[in-house]
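> Next come the chains, spelled out residue by residue.
There are 2 protein chains.
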Amino acid sequence: MSKVILDMSMSLDGFIAGANVGKEYPMGVNGEDLHTWIFSTPKDKVDADVEREMFAKTGAVILGNRTFEVGVDLWGDVPFPVPSFVLTHKKRETLIKKSGTFTFVTDGIESALQQAQAVAGDKDVRLMGADIAQQFLSAGLIDEIQINHVPILLGDGVRLFDLGMKNIQLEKDRVLDSPHATHIHYRVLKGGS
Amino acid sequence: MSKVILDMSMSLDGFIAGANVGKEYPMGVNGEDLHTWIFSTPKDKVDADVEREMFAKTGAVILGNRTFEVGVDLWGDVPFPVPSFVLTHKKRETLIKKSGTFTFVTDGIESALQQAQAVAGDKDVRLMGADIAQQFLSAGLIDEIQINHVPILLGDGVRLFDLGMKNIQLEKDRVLDSPHATHIHYRVLKGGS
Chain W
1 MSKVILDMSM SLDGFIAGAN VGKEYPMGVN GEDLHTWIFS TPKDKVDADV
51 EREMFAKTGA VILGNRTFEV GVDLWGDVPF PVPSFVLTHK KRETLIKKSG
101 TFTFVTDGIE SALQQAQAVA GDKDVRLMGA DIAQQFLSAG LIDEIQINHV
151 PILLGDGVRL FDLGMKNIQL EKDRVLDSPH ATHIHYRVLK GGS
Chain G
1 MSKVILDMSM SLDGFIAGAN VGKEYPMGVN GEDLHTWIFS TPKDKVDADV
51 EREMFAKTGA VILGNRTFEV GVDLWGDVPF PVPSFVLTHK KRETLIKKSG
101 TFTFVTDGIE SALQQAQAVA GDKDVRLMGA DIAQQFLSAG LIDEIQINHV
151 PILLGDGVRL FDLGMKNIQL EKDRVLDSPH ATHIHYRVLK GGS
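As they're listed, the protein sequences go chains W and G.
Every letter in the first sequence is one number past the one before it in the numbering used here, and letter 128, counting from 1, is 128.
Every letter in the second sequence is one number past the one before it in the numbering used here, and letter 154, counting from 1, is 154.
Simulated from the structure, these hints should not be mistaken for lab results.
Watch out, some of these pointers could steer you wrong.
Since the list gives no way to pick one copy over another, a pair counts as held whenever it fits inside one copy or between any two copies.
Calculated pairs, DSSO-like style, for lysine-lysine (alpha carbon to alpha carbon, straight line, at most 30 Å) [claimed, not checked]: (1) K91 x K190; (2) K45 x K90; (3) K43 x K166; (4) K45 x K190; (5) K98 x K57; (6) K190 x K43; (7) K166 x K23; (8) K97 x K190; (9) K91 x K43; (10) K98 x K190; (11) K90 x K43; (12) K166 x K98; (13) K190 x K90; (14) K166 x K97; (15) K45 x K91; (16) K57 x K3.
Small disclaimer: the values here were computed from a predicted structure and weren't measured.
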């Protein structure tokens, strides 16, 4: 069964996007600084390896409706070249894009996960969006977390880990460092505490 | 002039103490997990080096009144063997402890900083407490930040970096990793953005 991965670029103060996310600021104010490790030229070798691995391992994506609405024009495609599942409250026909499809799921995260795992094969199911991440974490459905720790303080924005979650034990099993980001990989320990 | 250092152990979700900090839980619920890197036996060599450096470089401490009240009995002394300055609203006589003094400062952070720098010599002035950290950061008075990133999700507690701060540029200049913590050192870039 494919693993469920949360892989996010996060500022030192815990934000995965800046303030005022919307069509004008898809990553929020200053939020694009979170992805310098992906978009800088020349690209650092460590960052390039991490990015390559991220694409190679992704077999399906689950994202929230807000992330979809802000991103769909920007990407002009699916965010990764694999089937994408959008968690939403509004039924909608599947949307076919160049490198994959957006399927709209209205019956909750477990249904989305089931559908994503059915197509991901031996690759990972990747989550996108803070709200989706928190829902999956609270439900104990995340296997691995990779945080690309970015050395900036955004001051305001979208928090990845918000108040009110459970205490969750992790095991850090890899640290890769570049000037733009420290990529730390964690396994989520289950049934422990 | 001595530098102003913020050096904190922080969970992946941004907490430097658990929920319900008080006499019963000085570090908050599960908050002691943040200091496994200091208190585990045997101690990891990386962690031991980081701790030794932390003590060797500290010339004075500035802390908030809440940190003082929760900690004073627990420490049975000053938190570091150097002069400590407590920011408070209530005037109080200097308290003499075994390895240093608590001086109570009622006229604001700049006064506390001046008094701390006067005694720190060529060593650092170290800040303790999230509230103090946020006040000094907002005032642009912090030179260096060391975050001991601890691989746990506490779920709730005292946030180090709270909403409403300014966007602040950092430069990561050292990463030291142990199984218990990833110690990342940042310089605060000033007058830039």
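> Work down the list of hints and note, for each, if the structure agrees.
Consistency of the hints with the structure:
1. K91 x K190: neither (34 Å within a copy, 50 Å between copies)
2. K45 x K90: neither (42 Å within a copy, 55 Å between copies)
3. K43 x K166: For K43 and K166, only the inter-copy Cα distance (28 Å) is at most 30 Å; the intra-copy one is 37 Å.
4. K45 x K190: Answer is between: at 29 Å across copies they meet the 30 Å cutoff, but 33 Å inside does not.
5. K98 x K57: within (20 Å within a copy, 57 Å between copies)
6. K190 x K43: between (36 Å within a copy, 26 Å between copies)
7. K166 x K23: between (33 Å within a copy, 23 Å between copies)
8. K97 x K190: Neither way: K97 and K190 sit 36 Å apart in one copy and 45 Å across, limit 30 Å.
9. K91 x K43: neither (41 Å within a copy, 55 Å between copies)
10. K98 x K190: neither (38 Å within a copy, 45 Å between copies)
11. K90 x K43: neither (40 Å within a copy, 54 Å between copies)
12. K166 x K98: neither (39 Å within a copy, 40 Å between copies)
13. K190 x K90: Intra 33 Å, inter 47 Å, cutoff 30 Å: neither.
14. K166 x K97: neither (37 Å within a copy, 39 Å between copies)
15. K45 x K91: So K45 and K91 fail the 30 Å test inside a copy (43 Å) and across (56 Å) alike.
16. K57 x K3: This pair counts as within: shortest intra-copy Cα distance 10 Å, inter-copy 44 Å.
Figure legend: structure checked against the earlier numbered hints; hints not met, in rising order: 1, 2, 8, 9, 10, 11, 12, 13, 14 and 15.
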